[in-house]
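S.K.: Keeping their order, the protein sequence lines are chains A and B. Every letter in the first sequence is one number past the one before it in our numbering, and letter 136, counting from 1, is 137. Every letter in the second sequence is one number past the one before it in our numbering, and letter 11, counting from 1, is 309.
Mixed in with the good hints, there may be bad ones.
Straight-line distance between alpha carbons at most 30 Å, and here's what the computed DSSO-like set of lysine-lysine pairs gives [what the hints assert, rightly or not]:
1. Lys-380(B) / Lys-113(A)
2. Lys-113(A) / Lys-376(B)
3. Lys-308(B) / Lys-113(A)
4. Lys-383(B) / Lys-158(A)
5. Lys-16(A) / Lys-358(B)
6. Lys-57(A) / Lys-383(B)
7. Lys-308(B) / Lys-158(A)
8. Lys-158(A) / Lys-376(B)
9. Lys-358(B) / Lys-158(A)
10. Lys-361(B) / Lys-165(A)
11. Lys-16(A) / Lys-334(B)
12. Lys-308(B) / Lys-367(B)
13. Lys-380(B) / Lys-158(A)
14. Lys-361(B) / Lys-158(A)
15. Lys-101(A) / Lys-334(B)
16. Lys-308(B) / Lys-16(A)
No lab work stands behind these hints, which were simulated from the structure alone. Small disclaimer: the values here were computed from a predicted structure and weren't measured.
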Amino acid sequence: MTEEQQHLQTLSDIKRIMERSSRFLSLSGLSGVFAGASALAGAGAALVLFRSYYDKWEVRGHYDDTDFSTLRLQLILLGLVVMFLAAAGGLYFTWRRAKKNNLPVYDATSRKVLINGMIPMAAGGAFIVGLMYNNMDVLIAPSCLIFYGMAVLNASKYTVSDTKYLGIAEIALGILNVFFLRRGLYFWAVGFGVMHIFYGIVMWWKYERNAVEE
Amino acid sequence: MINPIGNLNKIFDSRIRLGVMSILMVNEEVSFNDLKQMLELTDGNLASHLSTLEENGFLKVHKGFVGRKTNTTYSITKAGEKAFKGHLAALENMIRSME
């Protein structure tokens, strides 16, 4: 190696260490695709629940309190199941990618992503519980999108920086949703479903495609 | 003629010390264990390099506790930042002068 190559090597090592020590780069695009697919499946299931609720209403001819509480509970449970599924699948693909590259999954950087993402998420969760307590159900979907977007934006400083665009897009969609209340399910499906899948495919194409071919 | 490698800092000759400084440049505070994990080193090896850097005033040591376990964290000093940037600039200059 010539002296020049040696110095260039040193500089690129420094850059690599700086990047690797401050950002969690193993986040896989496939995690996004999986989370998006779970969200779309969940939105589909929610649509079925809504339909059967309105069918019953139609048949009976008037609103029923018990039916509404049942629907509400079903939707909350469905939401929790989807969130769990998306997180578990997302974790799996990221874990797989880290393993392939011989990098740790749980280290100082992934810890930072978790902490910085969890703070807005926890705030959003508490806020949404408050909305439900006050029966402000129409605001739940936009709040989910806005708080999730802020969580992603906050965590993007410690992971693949492209995630910030996803965060901003989620926030924008959430705000738009506030102007189109009662269309929450569609916004939800676009924000958590379509956008995750789109983002995931772009990320996979950009960073992981070549790694697969090798 | 000015010695072309005169601006290179001898302390950063070691790749490990260079690695430690690179990490501390972009992270406010890093624990001993995280440094060890990131640089894939043994305790003794890392400790000796850290003390060299500390003796030169390039990093600050904070001793704390997490529960009962000691948790030592490190952060870069102003002098360390300046020395590291100088070293980077020197490397860059050398590459440029060779072109």
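S.K.: Compare the structure with each hint and give your call.
M.R.: A quick look at each hint next to the structure:
1. Lys-380(B) / Lys-113(A): Cα-Cα ~27 Å, so holds.
2. Lys-113(A) / Lys-376(B): 24 Å, holds
3. Lys-308(B) / Lys-113(A): Roughly 33 Å between the alpha carbons, so the hint for Lys-308(B) and Lys-113(A) is violated.
4. Lys-383(B) / Lys-158(A): 23 Å, holds
5. Lys-16(A) / Lys-358(B): 22 Å, holds
6. Lys-57(A) / Lys-383(B): The hint is violated at about 71 Å.
7. Lys-308(B) / Lys-158(A): The hint is violated at about 33 Å.
8. Lys-158(A) / Lys-376(B): 24 Å, holds
9. Lys-358(B) / Lys-158(A): OK: Lys-358(B) and Lys-158(A) at ~25 Å, within 30 Å.
10. Lys-361(B) / Lys-165(A): Violated, at roughly 35 Å.
11. Lys-16(A) / Lys-334(B): Holds: Lys-16(A) and Lys-334(B) sit about 18 Å apart, inside 30 Å.
12. Lys-308(B) / Lys-367(B): Judged against 30 Å, a Cα distance of about 35 Å means the pair is violated.
13. Lys-380(B) / Lys-158(A): 25 Å, holds
14. Lys-361(B) / Lys-158(A): Distance ~27 Å between Lys-361(B) and Lys-158(A) Cα, so the pair holds.
15. Lys-101(A) / Lys-334(B): Roughly 21 Å separates the two Cα atoms, so the pair holds.
16. Lys-308(B) / Lys-16(A): 20 Å, holds
In this structure, the hints that do not hold are numbers 3, 6, 7, 10, 12, in rising order.
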